[in-house]
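K.L.:
In order, the protein sequence lines correspond to chains A and B. Just so you know, the working numbering puts 59 at position 59 of the first sequence, and the rest follows in order with no gaps. Just so you know, the working numbering puts 71 at position 71 of the second sequence, and the rest follows in order with no gaps.
Worth flagging that the hints you see were computed from the coordinates, not collected in a lab. Honestly, I wouldn't trust all of these hints.
Given that identical chains are not distinguished, each listed pair holds provided it fits within a single copy or across any two copies.
Stated by the list, open to error - Pairs of lysine-lysine, PhoX-like flavour, derived with a Cα cap of 25 angstroms:
no. : residue 1 : residue 2
1   : 21        : 94
2   : 49        : 13
3   : 131       : 162
4   : 131       : 159
All figures in this text were calculated on a predicted structure; none of them were measured in a lab.
Protein chains: 2
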Amino acid sequence: MISPLDKLIKSLKKFPGVGEKTATRYAFFILNANQSDIDELVRTIEIVKRNLRLCSRCFHLTDDDLCNVCRNDRREGSRLCVVETPLDLLAVEKSGQFNGVYHVLHGLMSPLDGIGAEEIRLNELIDRVRKENVQEVILALNPTVEGEATASFIRDQLKQTKAIVSRIAYGIPVGGSLEFSDPLTLSRALEHRTKI
Amino acid sequence: MISPLDKLIKSLKKFPGVGEKTATRYAFFILNANQSDIDELVRTIEIVKRNLRLCSRCFHLTDDDLCNVCRNDRREGSRLCVVETPLDLLAVEKSGQFNGVYHVLHGLMSPLDGIGAEEIRLNELIDRVRKENVQEVILALNPTVEGEATASFIRDQLKQTKAIVSRIAYGIPVGGSLEFSDPLTLSRALEHRTKI
Numbered sequence: 001m002i003s004p005l006d007k008l009i010k011s012l013k014k015f016p017g018v019g020e021k022t023a024t025r026y027a028f029f030i031l032n033a034n035q036s037d038i039d040e041l042v043r044t045i046e047i048v049k050r051n052l053r054l055c056s057r058c059f060h061l062t063d064d065d066l067c068n069v070c071r072n073d074r075r076e077g078s079r080l081c082v083v084e085t086p087l088d089l090l091a092v093e094k095s096g097q098f099n100g101v102y103h104v105l106h107g108l109m110s111p112l113d114g115i116g117a118e119e120i121r122l123n124e125l126i127d128r129v130r131k132e133n134v135q136e137v138i139l140a141l142n143p144t145v146e147g148e149a150t151a152s153f154i155r156d157q158l159k160q161t162k163a164i165v166s167r168i169a170y171g172i173p174v175g176g177s178l179e180f181s182d183p184l185t186l187s188r189a190l191e192h193r194t195k196i
Numbered sequence: 001m002i003s004p005l006d007k008l009i010k011s012l013k014k015f016p017g018v019g020e021k022t023a024t025r026y027a028f029f030i031l032n033a034n035q036s037d038i039d040e041l042v043r044t045i046e047i048v049k050r051n052l053r054l055c056s057r058c059f060h061l062t063d064d065d066l067c068n069v070c071r072n073d074r075r076e077g078s079r080l081c082v083v084e085t086p087l088d089l090l091a092v093e094k095s096g097q098f099n100g101v102y103h104v105l106h107g108l109m110s111p112l113d114g115i116g117a118e119e120i121r122l123n124e125l126i127d128r129v130r131k132e133n134v135q136e137v138i139l140a141l142n143p144t145v146e147g148e149a150t151a152s153f154i155r156d157q158l159k160q161t162k163a164i165v166s167r168i169a170y171g172i173p174v175g176g177s178l179e180f181s182d183p184l185t186l187s188r189a190l191e192h193r194t195k196i
């Protein structure tokens, strides 16, 4: 085989969920693509690796000191949504339902894996809530054991502040079907039923 | 959103079969990967784009004048396997069953799309068979209308030479099941049954 192409396939196989076949397809795509498209790709990769860092306030990704959300003075600073990762933040942004600011934890508490409050951006969250006069803290964490543990910890830590702590609703996904819902989701959906 | 990351996602969405979600996963992978892994990836992309060209004899990809197969003097030059793309060549190589040389057409004849013998490396194939004293031409083309048309054309063109023209067998894939085979494959498999 052709050694540079071999090397490229090897590099592409490190991408998440990419095996030999997909990596080969991608490598041939790169080989046959316009030179200008590939130049653009390479330049963007380099910019992302060189310039992106964490927002000094909410720890979202940014190429400046503050991120887009924190720089935007139309966002309500009194409502703060807590997420695990920048990807989760983007998912909430896409819903278009939230006009407050964020706090990215970059992880969840997991005592078994040795991840406590110090390993993630939890102390920074508690500090922010105190200093920034936050009225409501909305937890948008995944409904896993780690997510629940982190949510309880945050609730306990914020008891002495005046902030209301809430959590996004668990239930049947829109467009989902009862038949294929797992029992736990269904029991949560029943428990948190709302009057119509 | 963060504009360089946005741009990267846009670039990655051009990859075959990659949508918004996969592109976002890849972009975050790149963001979080080791700097050295990404440097290696970028360097390899640049080498592939700059140095890879077609072998002057068989039109496989190479970073030299001749490809690995053509440079290898242990390969039998008298047996020539005709494939559509370099990817097909790699698939045949992986079978480990072929010790001859190749000819990559870079396409198949398709009169409806205006692709005739001149648009692909067909004339070069006919010339090679005449000049290189080829004994057998094995057609490893996809069993599509275009593959069949190209195979017939090659067989007709090579009638005046002494080369035997053969075609790889169609049939039930190893590990496949009769139940799920399409009728055409099954009828070909019956037609080309072999005595045991």
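K.L.:
Indicate which option fits the pair residue 21, residue 94 if close means a Cα-Cα distance not exceeding 25 angstroms: within, between, both or neither.
P.N.:
Between copies, since 13 angstroms is at most 25 angstroms while 32 angstroms is not.
K.L.:
State whether the alpha carbon distance between residue 131 and residue 159 is at most 25 angstroms within one copy, between copies, both, or neither.
P.N.:
Within. Shortest intra-copy distance 15 angstroms satisfies the 25 angstroms Cα cut-off; inter-copy 88 angstroms does not.
K.L.:
25 angstroms Cα cut-off: does residue 131 pair with residue 162 within a copy, between copies, both or neither?
P.N.:
Classified as within; 12 angstroms inside a copy, 89 angstroms across copies.
K.L.:
Should residue 49 paired with residue 13 be assigned to within, between, both, or neither, using CA atoms and 25 angstroms as the limit?
P.N.:
both (19 angstroms within a copy, 19 angstroms between copies)
Violated hints are absent here; each numbered hint is respected by the structure.
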